[in-house]
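J.: Sequence:
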Amino acid sequence: MPTNISKLSYVDPKAEIGEDVTIGPFCHIGPHVTIGNGSVLDSHISVSGHTTIGERNRFFPTAVIGSEPQDAGYSGAPTRVEIGDDNLFREGCTIHRAAEKEDHCTRIGNRNTFLCNSHVAHNCHVFDDVTLVNGVLLGGHVHVHDRAIISGNTVVHQFCTVGTLAFITGASRTTVDVPPFMICTGADQFRIRTVNIVGMQRAGISENSVAVIRRAHRLIYRKNKKLDEVQELFSQELEGVIPIALNTLFDHFEGIKGSKAGRGREEAARNATYNPEENDKNSTRRAA
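Numbering (this note's numbering), first residue to last: 1 to 288.
Hint data in this document are derived by calculation from the structure and do not stem from the laboratory.
All clues stand as given, with none of them false.
Simulated crosslink set (DSBU-like; lysine-lysine; CA at most 30 Å straight-line): (1) Lys226 with Lys257; (2) Lys257 with Lys223; (3) Lys257 with Lys225; (4) Lys225 with Lys260; (5) Lys260 with Lys226; (6) Lys260 with Lys223.
All chains should be modelled from the sequences, with the hints used to inform the complete structure.
T.: And the structure:
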């Protein structure tokens, strides 16, 4: 099907626009933008910077994609935004391109939902099937893993990691890494409440794995057992055959050992050196 671009919009001649793309009135598309097949931009949408958008993405009015990062050290380098397929960006959603740190890229995966006025700051990585509810704010360098849900008006501190299938309740102030499969809540006293049983079931995780995660939660957060002790206990009981979900949880805790303020990636990310050649290899692998 042909591409439909409103005469009331500006699309730079250098922009690459795929097939069956709809660009409504009063949109502005910059010269270094690529928009994949089947994507729809309703109206009053700005896409700028070195921004690559995959297929079948939907943008509602006043979304702003690829603007300069709100980082005092940014000096205008051609940093990037990379967006996958089948994402939904509702009204007022903002996705900023990266600052000149880490791999110089803000990444959005596939099938994510960004509701009204949600914000993804520079150098964030939102994986797949994530939901950011109205007013969620992700600080710089935040990672949100598959199927996580962050409820309305929650703020996530820079360099935090939100684990797979984690659920953060509304109006929370997230200042530490959030373990996978957990429900977390709180503004002044952010804490892990319980296991996200419903989310795990909906994701097709077996009842046995759910039960194991529930037990691990009790041992770590209720009985205050040390991680090494819990790992050894499960290794003996399960004869070394550890469920994938439990390994995912253990990997999270290993990652935050010795970290400052409970953010395992912070020091490594701050000191990371950008390697363009390695980044190009990673981009090729993702494209494949």
